[in-house]
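K.L.:
In case you want the letters, here they are:
Protein chains: 2
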Amino acid sequence: MSLSPVPFSKVAITGAFWSERLATIIERTIPSQYERLTEYGILDSLKLPQPVPPLQIPENRHGFSTQIFWDSDVGKWIEAASYALSFRRDAQIEAQIEAIIDDLEQAQTHDGYLNCWYLGRDPDNRWTNLRDNHELYCAGHLLEGAIAYWQVTGRDRLLSVLRRYVEHIAKVFGPGDGQRKGYPGHQELELALIKLWQATGDNAALDLARYFIDQRGAQPHYFDEEAKARGEDPSDFWAKSYEYNQSHLAVRDQTKVVGHAVRAMYMYAAMADLAAIDDDAGLKTACEALWADLTERRMYVTGGFGPSASNEGFTSDWDLPNETAYAETCASCAMVFWAARMLNLDLDGRYGDILELALYNNVLSGLSRDGTQYFYDNTLASDGSHRRWDWHPCPCCTMNVSRLVASVGGYYYGTNADGIAIHMYGGARVSLEVGGAGVTLDETSAYPWDSAIRIAVSPDQPVEFCLSLRIPAWSGQSTVRVNGVPQDVAIDRGYARLSRLWSPGDVVEVQLQMRPKRLWAHPLVAADRGCVALRRGPLVYCAEAVDNDVAPDLVRLPDSGALTAEASDILGGIVMLTADAAAMQTSDWGADLYRTSPPTTQPTTLRLIPYYLRANRSPSAMRVWIET
Amino acid sequence: MSLSPVPFSKVAITGAFWSERLATIIERTIPSQYERLTEYGILDSLKLPQPVPPLQIPENRHGFSTQIFWDSDVGKWIEAASYALSFRRDAQIEAQIEAIIDDLEQAQTHDGYLNCWYLGRDPDNRWTNLRDNHELYCAGHLLEGAIAYWQVTGRDRLLSVLRRYVEHIAKVFGPGDGQRKGYPGHQELELALIKLWQATGDNAALDLARYFIDQRGAQPHYFDEEAKARGEDPSDFWAKSYEYNQSHLAVRDQTKVVGHAVRAMYMYAAMADLAAIDDDAGLKTACEALWADLTERRMYVTGGFGPSASNEGFTSDWDLPNETAYAETCASCAMVFWAARMLNLDLDGRYGDILELALYNNVLSGLSRDGTQYFYDNTLASDGSHRRWDWHPCPCCTMNVSRLVASVGGYYYGTNADGIAIHMYGGARVSLEVGGAGVTLDETSAYPWDSAIRIAVSPDQPVEFCLSLRIPAWSGQSTVRVNGVPQDVAIDRGYARLSRLWSPGDVVEVQLQMRPKRLWAHPLVAADRGCVALRRGPLVYCAEAVDNDVAPDLVRLPDSGALTAEASDILGGIVMLTADAAAMQTSDWGADLYRTSPPTTQPTTLRLIPYYLRANRSPSAMRVWIET
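Residue numbers (our numbering), protein chains in the order written: chain A, 699 to 1326; chain B, 699 to 1326.
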């Protein structure tokens, strides 16, 4: 029986780890993103009408032309800002959003259409190139922003704009006579439409999401027909294969994660939603096959994936180069969305483990400590030249991190008629209904730095339900106590399930094992052969040169030996890992490039920091995988 | 005191190894190259006049446009074929060369100019783009071909054509008023002019070579001025830096090997020639610095170099990726030319060691066993998809291998007034003059498969001279006997020097140590860290999947343990290496991509073949560097 997620707005984040990230997002990231949206002309691009002739597209002062995905960036910023407003209302931010809504309202045509790039640059050619352009994608992000703003503020002006747009889209696309048989070239609208249905009960929106998912990959191929209608040869498609946008097959027939990674993840998230909503076994089976393919053959140890810059996506099994890892921040954000849906569809800790892995590592890596700089791509090794950006020509990742972190509480809990599942730890309080009673859960811990977790379970009155506690696979032997009494509880697919009559004052204590551990990659992952990575709890570690006497790529970490975790006050306070290692010597090598004896080594201590905190100090070589 | 090389034409190759390669070149390679030159329209491109309008360049049936370097390919084929003729005259080949000479004679203009691409396509713009086009380069290869044909056949018609061309070039370029201050954009002519001087005493040719070398890199930069004269912005040069063609600095100020690798090596060879001819300490010092830079920081273990396809050349120190190694065959051929000149300039075994390394490995890798297929780039690892070509759009490497192998005897010996140096072994007989007496040396060995070398020294009459025998650095302890008596001979910079009165019937026996050895790369070579390569004598080995039960990239070869050399009849008869190794297991790994225990291994025997013989059987994964 599937679970419903508990929305972030009901969850109070109380733990230090996420409170710090949330405060940074609210105080630094959201305002600085607004500055960048202004500075780069993105907000100005919404100020219509006056069509600009297509061949005279102005360059703004940073040299970017106005780009077809800018509406989506605005939508994502509104979404992130709205989530932030739920923690702390802010008149200035609200005024900024209202001004954007003015522009969007003004831009929308009478029939409901609303894409500022087309309206401004090429108004006669709307809906002529779903394959390459981003109208439906932009619609999705604007819709998500509108829903969030309405949910947090109660103001429905933007939502009304977007609902008119959705009505227009539902007229243009669909199975009926005279309707276009198309679907997004960049998936995203599907899951936004499902959110709209969830928030408003708008069945037409759900039907449209279903249509987009079911229609995808049908023959004759829509993108072929559309290209021909433009007078182009479909085989001239730059990406060569419709694997790029996952329309090479009907979605139910897909078993390999292929193509552009972000497109793929948004689509899988919508498929998981529909699998739950419609109890659709075909979609669930496809999701499971795709999940296995991603996590068993195509995912970095940091929860990133999509190694290639050329397609921003997948290549071949086991191809996970470290120095050139693309591992886009957006893709991991989108995978968190998918993982959360899989977890609530079918409570299994492996979804939670990967959700957590991606969130704490590849996702958080995308945002600097100070909340104003970003990584679009997340390499697992660097000579020090891979540095954070103030902004990016395609700023998609910046607001994907902020909207995800600002709503992180939404990934903590799932509920259904039988009980409550706790997916994440780190200090959070929530009040829920279960079995007809109100229950408050107050979880306190220093997670992810410490593994002692205390949950005060406070029902209004004694009530029986199952409390499912995620026991991460990395934890090994864990203990669960209720009111101090050890529980002999079996772990069922990654969850300790405590079914009992819960009474006010009950306390659950979970003690996970958080010893640092070595990880090895599957031998077919050529890039990681002969290397180990270190992990403690949900955090994967990396060695940065700035913490070490020796360049990380000259260090050899033996296959065994003690790993020590110790608190450090660097980087705002972390748990650092140290290990006895050997430093390859270069000073005694001599002039020969090749010689008949191996390098000599000297003992050294290798110090490692959490991967997500890399590149927050002076430029410094970095490695996740250390040679053995 | 420098040595003079003994020309290949005086050296009889008697050993099995080179005799087989020579016979293949003569019987298969030279005729098949003529077929390819015909088939691809290269020989037709010499058939002038009738200028073809520049904008109507015909495509030949293989889709290549006529290319500006085709004259050079014809020149190299004539050179290679001429060397082959010295072993066995062949009326058909001679008729083919004579027909080419007819065309060249016909194409040459009254003023001596002779570049078929310009004459055919763009006759009014000769000498306007030395930077990018290849007029002087083509002249060099045609000149080398002409010298070779004349030396072998005594026929001077082609040499006369080229000497008229050289006279023309010497009028156009030089320090005088009204002369252009240019030099080759692709070096090569310099060393050809020196060959002409060596063969004919033509001082004007030597002066021109000196001018080209001395003028290179002078300010104002010729390629800047030339670009402006074409109405171009010099900074639009596609390669961005004049490092590409080594004109960024005066040659005497150059200390780093940079840019296009073949251009560099041809230039260094000419610099070494001039250093010897002019006793020019500045050029010798520059050559020594460049040699150290190449061999100590920028050379593959196979004697290849220039890792990057984008500039066909050098990148940065220690950057030696294996899977993507460009390591152009031509570059190693050209380095053999340079090494031979360094060796005779300053008898030091390290030049001979690298000459031999490049020749037996990266150079020979460029030609298939059957003599009709080629590698342009020589990777040190492949998944099996890196296969030989029947021909190449730029066929430079094909004839560079054939001309080098067909003249390999020219690299065996050096002489001066004091004596004779033997640089190479493998079965060869030569008759020389030393100290006024005639001396025949008859070296017999099964080198490179076996390390027992016997040299019959047969002077016409007793004569005192120093016989210097190269003792490769890989050999370790070696023994030298004269007439059965062990000699207590010190190794002076890689040579055992035997100064004595030599009498008819004297026999020198050298016993080298040819045990297989592990090689490690300098720790800063990231691509080879944690790996070993195997070498026996001059041959570097590689593991091909076809000889092994396990894919080479799943094999781990321990840092120590026995390596066995044993004769095998595969690939025409080789010494194969075998080693006890461990095969990483994938079948017991399970579904996880990452886990907390290392891969299990099973004992296996790793079998390796000489690198130069790779890719002569079915497609097969291959590695030179094996993980430890």
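Keep in mind that the hints were calculated from the coordinates and are not lab data.
Hints may be right or wrong, so weigh each one.
Unchecked claim - So the derived label-pair ranges between C-beta atoms look like this:
| # | chain 1 | residue 1 | chain 2 | residue 2 | range |
| --- | --- | --- | --- | --- | --- |
| 1 | B | 926 | A | 936 | 34 to 42 Å |
| 2 | B | 1288 | A | 947 | 27 to 35 Å |
| 3 | B | 1175 | A | 1213 | 32 to 40 Å |
| 4 | A | 1299 | B | 1008 | 31 to 39 Å |
| 5 | A | 1199 | B | 1288 | 57 to 65 Å |
| 6 | A | 936 | B | 1264 | 48 to 56 Å |
| 7 | A | 708 | B | 1083 | 36 to 44 Å |
| 8 | A | 1007 | B | 1152 | 33 to 41 Å |
Said to hold, decoys possible - Anything over 12 Å on all C-beta distances counts as not near chain B; from chain A, calculated:
| # | residue |
| --- | --- |
| 9 | 726 |
| 10 | 1021 |
| 11 | 1254 |
| 12 | 1298 |
Every residue, glycine too, gets a C-beta built ideally from N, C-alpha and C.
K.L.:
State for each hint whether it applies.
P.N.:
Now for the hints, and whether the structure bears them out:
no.: 1; hint: 926(B) to 936(A): 34 to 42 Å; in the structure: 37 Å, holds
no.: 2; hint: 1288(B) to 947(A): 27 to 35 Å; in the structure: 28 Å, holds
no.: 3; hint: 1175(B) to 1213(A): 32 to 40 Å; in the structure: 52 Å, violated
no.: 4; hint: 1299(A) to 1008(B): 31 to 39 Å; in the structure: 35 Å, holds
no.: 5; hint: 1199(A) to 1288(B): 57 to 65 Å; in the structure: 40 Å, violated
no.: 6; hint: 936(A) to 1264(B): 48 to 56 Å; in the structure: 53 Å, holds
no.: 7; hint: 708(A) to 1083(B): 36 to 44 Å; in the structure: 55 Å, violated
no.: 8; hint: 1007(A) to 1152(B): 33 to 41 Å; in the structure: 59 Å, violated
no.: 9; hint: 726; in the structure: 34 Å, holds
no.: 10; hint: 1021; in the structure: 9 Å, violated
no.: 11; hint: 1254; in the structure: 8 Å, violated
no.: 12; hint: 1298; in the structure: 9 Å, violated
Checked against the numbered hints given earlier, this structure breaks hints 3, 5, 7, 8, 10, 11, 12; the rest are met.
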